[in-house]
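Peer 1: Letter by letter, the chains look like this.
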Amino acid sequence: MSSPVTHHAVHAAPKGFLRRYIFSTDHKVIGKQYYLLALFSVFVGMLLSVLMRYHMIYPDAKVSWFEKLWPTGAAGGIMTPELYLSLMTMHGTIMVFFVLTTAPQSGFGNYFLPLQIGAEDMAFPVINMLSFWTTFAALVVLLAAFFVPGGAPLSGWTAYPPLSAVGEIAGPGQGTGQTLWILSIALFCAASLMGAINFIATTIDLRAKGMTLMRMPLTCWAWFVTAILSLLGFAVLLAAGILLLLDRTAGTSFFLPAGLVVNDQILNHKGGSPLLWQHLFWFFGHPEVYIAILPGMGLTSTVLSVFARKPIFGYRAMVYAILAIGFLGFLVWGHHMFVSGMNPYTGIAFSVLTMAIGVPSAIKTFNWIGTLWGARIRFTTPMLFALGFVSLFVTGGISGIFLGQPALDLYLHDTYFVVGHFHMIMGVAAIFGIFAGTYYWFPKMYGRMMNETLGKIHFYLTFIGVYAIFTPMHFVGVAGNPRRYPNFKEFEFLGELLPVHTFMTHAAFFTAAAQLIFLFNFFWSMKKGAKAPVNPWEATTLEWTVPSPPPHDNFGGRLPEVYRGAYEYSVPGAEKDYLMQNEPAVAVKE
Amino acid sequence: MAEARSETLVPASAWGGGASPFAMNSKKLGMWLFIISDALTFSALLVAYTYLRLATPNWPTPFHFSPSILFASLMTFVLLSSSLTMVMGVHAMNHGHRRRAVGWILATMAGGAAFVILHATEWRHLIVDEGVTPFSNPWNEPLFGATFFALTGLHMTHVIVGVLYLGVIAIGVGRGKFKPEDVEVSGLYWHFVDLVWMFIFPLVYLMSVHI
Amino acid sequence: MQAHSEQAIAVTAKTFVWVWVALLAMTVVEVLLAYFHVPLLLMLTALMGLSVIKGALIIAYFMHLKFERFSLFLTLFPMLIFCILLLFIFMPDSFRLMELRPR
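Chains as they are written, first to last, in this note's numbering: chain A, 1165 to 1754; chain C, 141 to 351; chain G, 82 to 184.
Just to be clear, a hint being listed does not mean it is correct.
Among chain G residues calculated to face chain A with C-beta under 8 angstroms, some are [unchecked claim]:
hint, residue
1, 110
2, 147
3, 160
4, 167
5, 173
Distance ranges between label pairs, derived from CB positions [said to hold, decoys possible]:
hint, chain 1, residue 1, chain 2, residue 2, range
6, A, 1233, C, 307, 45 to 53 angstroms
7, A, 1635, G, 179, 18 to 26 angstroms
8, A, 1484, C, 265, 51 to 59 angstroms
9, G, 141, A, 1644, 57 to 65 angstroms
10, A, 1297, C, 198, 47 to 55 angstroms
11, G, 147, C, 265, 36 to 44 angstroms
12, A, 1297, G, 102, 43 to 51 angstroms
13, G, 179, C, 210, 41 to 49 angstroms
14, C, 270, A, 1427, 28 to 36 angstroms
15, G, 179, A, 1660, 44 to 52 angstroms
16, G, 103, A, 1428, 39 to 47 angstroms
Subject to a maximum C-alpha distance of 30 angstroms in a straight line, what follows is the list of computed DSBU-like cross-link-like pairs (lysine-lysine) [said to hold, decoys possible]:
hint, chain 1, residue 1, chain 2, residue 2
17, C, 317, A, 1179
18, C, 167, G, 95
19, A, 1196, C, 167
20, A, 1232, A, 1692
If you're looking for bench data, these hints aren't it; they were derived computationally from the structure. The beta-carbon is built from N, C-alpha and C at its ideal position, and this holds for glycine as well.
Let the hints inform the model, and build the full structure from the sequences given.
Peer 2: In structure tokens, the structure reads:
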């Protein structure tokens, strides 16, 4: 009853620059393309955040090149509140979609999923290529919003209607800019759908002989569950996006209630509900948080185990925790809507379920600590970033428990507390996961080692920097500082908080500057780094059995056979202290 | 450590590799996954429609038996029949009758095209004769037209894409290129389009019948 | 490929025609039902019930799911049905919205 799976990747390395590096169907090239796209995006996004932080403490400063960049938004060199909001929107959208969703899942996942499960390529190489180029088109469309009349949209990465639905009347960026935003997100939905189908089919069908599900590295589990979340989450976002697009272009009123007055004009809409958008958006939006963080969790598990030289503590518990987080991630979207007029009874249910997510999260955290317990840790750069991930995940997770209570959320929701919370857990923790992945896998991707000294300097500066930026945000939030305000100086009651903001802004400059070390290290090591051996970290998973970088067909035409789980370190009596997944016999010295 | 040791002794035959656990090729699994995702998109739209309709006190029920319900019933008949011809096409292809399979696929495409033409006529009737558009209608509940055109429009887009997709398949099969599994995968998509209509037809048309 | 021909033997063209007839019959019932004066909720339940049966027939026979491994069904449908059910959590807000509307 079994039909053989056709080997999709039996193809010779293509010739010609275009087929080889641009429109390549090789998962390794596509993975790198995704990674570089995310690298470009993260620096654009970071630049926007630095500009915002600058504006917050110097709202009246005249900067001549602001005017050159945004002739209307910064006439005379002074940033308008609308420009500030458009920077905020673009920062959020770029970071969430094109960095946090793209780098860990599409970037690393594409490159290392086939290698780790012992496959020659993804299940659908051509769809994989289309998926990347659709993502690329989505990014181009999004960035184009900066250059159209009116500029970029103002409605945040969540694009709440009525603001996002009523059009130009609501502000300069709400015309063409907002329409481009929705088109970009729709394209991104299509790309993510293609990617998700590819990841799921690959994981199910193309595992090498002996690679049972319970022998997969936790990274593969994380990518697999993330792909399922993408498959379901982006489907709902697409539906919401279609309705919002119709509201803007076809004059419908899905999200627009009657009697709406914008800029002294009564709008001719009737019957719609802004709350409907919030439901549809967050139905996607909360799983999206886990889409961003789950690959980081998988990678952290692997990296901790490799550099602690111990098996991961509770492998099965870790797998079940990933599944539980993925499952519960769909049940809690309402905790984003406690203050939006949702039914209070629903709110309580969402609050309880939100607390429940603490259980699998705590299982993961304790297992990470259990892995480290009593270990002789090798403090390499990827290990430092993985430890940083655990730290940030705990910090951000605990503030999440505050926000999960409707009573507290009523007060904290529109303050900087929320900004601090989600930057800690979704922003910086996930970014630390990406950094850990970069330092860990760079030798395999580019065949050269990254500079360890620069890497460690980068880690310590970044680690201190992000805590310096985001910890004070919780305090100013509790003190009542609203978020999304471009200019605090207009409000007397916020005056005392200004020194804290000044500190955060300087910390942001400092941290942003530290990222240049990473950028230098990345490109310098690509050309000048020490040649990487096959298995520089003495890790057990299959990607470390092939040359660095791997050949076009990954395993040289002979697919590996797997005999054991992915975390066999400190094996008693073994010749080395670890056993690769494809080592058949246990070499035991009695 | 003892557990880790015993784990290593499990033979590699636990998972043979090289075959799908579902005993189907990856393309088919990929199409199933796409269908699950697309089904959720349609579900979200139908739930949004239900949400908005429930919140509106006097939702209009304007569809007369002729032409709207008659047309919609006819369209259902056409679409169901095209599913039957599609399944016959897959059946013929599995038994190695290429020419017969092409005939069935062409019949399916004809069904799809008939569906689109009937639907376009029905749209024209609503827009021109009844004055229903996405943003206004005689009953002053603009969301009636908005939900109607959004749901049926997205479905019609799927039908048109399906007809084009089947066209590619028909040409390929006719030239002796595609395998039976390719026909089967396109069949899955076509039946899914049919399936979605089974929910849109009662929710959009039959729940708004003018009695 | 062998798997497919095995399945195909299990189902003959006759089965498909009967499924098609059943689907048409249920459609006729649905259309007739729409002209009965029954309470809205009852009508909605009846229509959706019939549609779910029709959908199940299409999935089971036309889409061959009945003849695939059961694990495929378990992989795909629980997550879809679960998500669709979750979407109904929107509804309490819809009812509240109606209560808040001016009449």
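Peer 1: Taking the CB of residue 1233 (chain A) and the CB of residue 307 (chain C), does the distance hold inside 45 to 53 angstroms?
Peer 2: 48 angstroms Cβ-Cβ, so the 45 to 53 angstroms window holds.
Peer 1: Regarding the pair residue 1232 (chain A) and residue 1692 (chain A), is the alpha-carbon distance no greater than 30 angstroms?
Peer 2: violated (37 angstroms)
Peer 1: Given the range 51 to 59 angstroms, decide if the beta-carbon distance of residue 1484 (chain A) to residue 265 (chain C) lies inside it.
Peer 2: Because 56 angstroms falls inside the window, the suggested range holds.
Peer 1: Can we keep the residue 147 (chain G) interface hint, with Cβ of chain A closer than 8 angstroms?
Peer 2: violated (15 angstroms)
Peer 1: With respect to the beta-carbon atoms only, verify the hint that residue 179 (chain G) and residue 210 (chain C) lie 41 to 49 angstroms apart.
Peer 2: violated (32 angstroms)
Peer 1: Should the hint that residue 167 (chain G) touches chain A count as held when the rule is a Cβ pair under 8 angstroms?
Peer 2: Holds. Min distance 6 angstroms.
Peer 1: Against chain A, run the beta carbon of residue 110 (chain G) and see if the smallest gap drops under 8 angstroms.
Peer 2: Violated, about 30 angstroms.
Peer 1: So, as I understand it, the hint says residue 160 (chain G) touches chain A; can you test that by seeing if any CB pair is closer than 8 angstroms?
Peer 2: Holds. Min distance 7 angstroms.
Peer 1: Minimum Cβ distance from residue 173 (chain G) to chain A below 8 angstroms?
Peer 2: holds (4 angstroms)
Peer 1: Between residue 317 (chain C) and residue 1179 (chain A), is the straight-line Cα distance small enough, at 30 angstroms or below?
Peer 2: holds (26 angstroms)
Peer 1: If I claimed the Cβ atoms of residue 270 (chain C) and residue 1427 (chain A) lie 28 to 36 angstroms apart, would that claim hold in this structure?
Peer 2: holds (34 angstroms)
Peer 1: With 36 to 44 angstroms as the target window, see if residue 147 (chain G) and residue 265 (chain C) comply at their CB atoms.
Peer 2: Check passed, 39 angstroms falls within 36 to 44 angstroms.
The structure fails hints 1, 2, 7, 13, 16, 20 (numbered hints given earlier, in ascending order).
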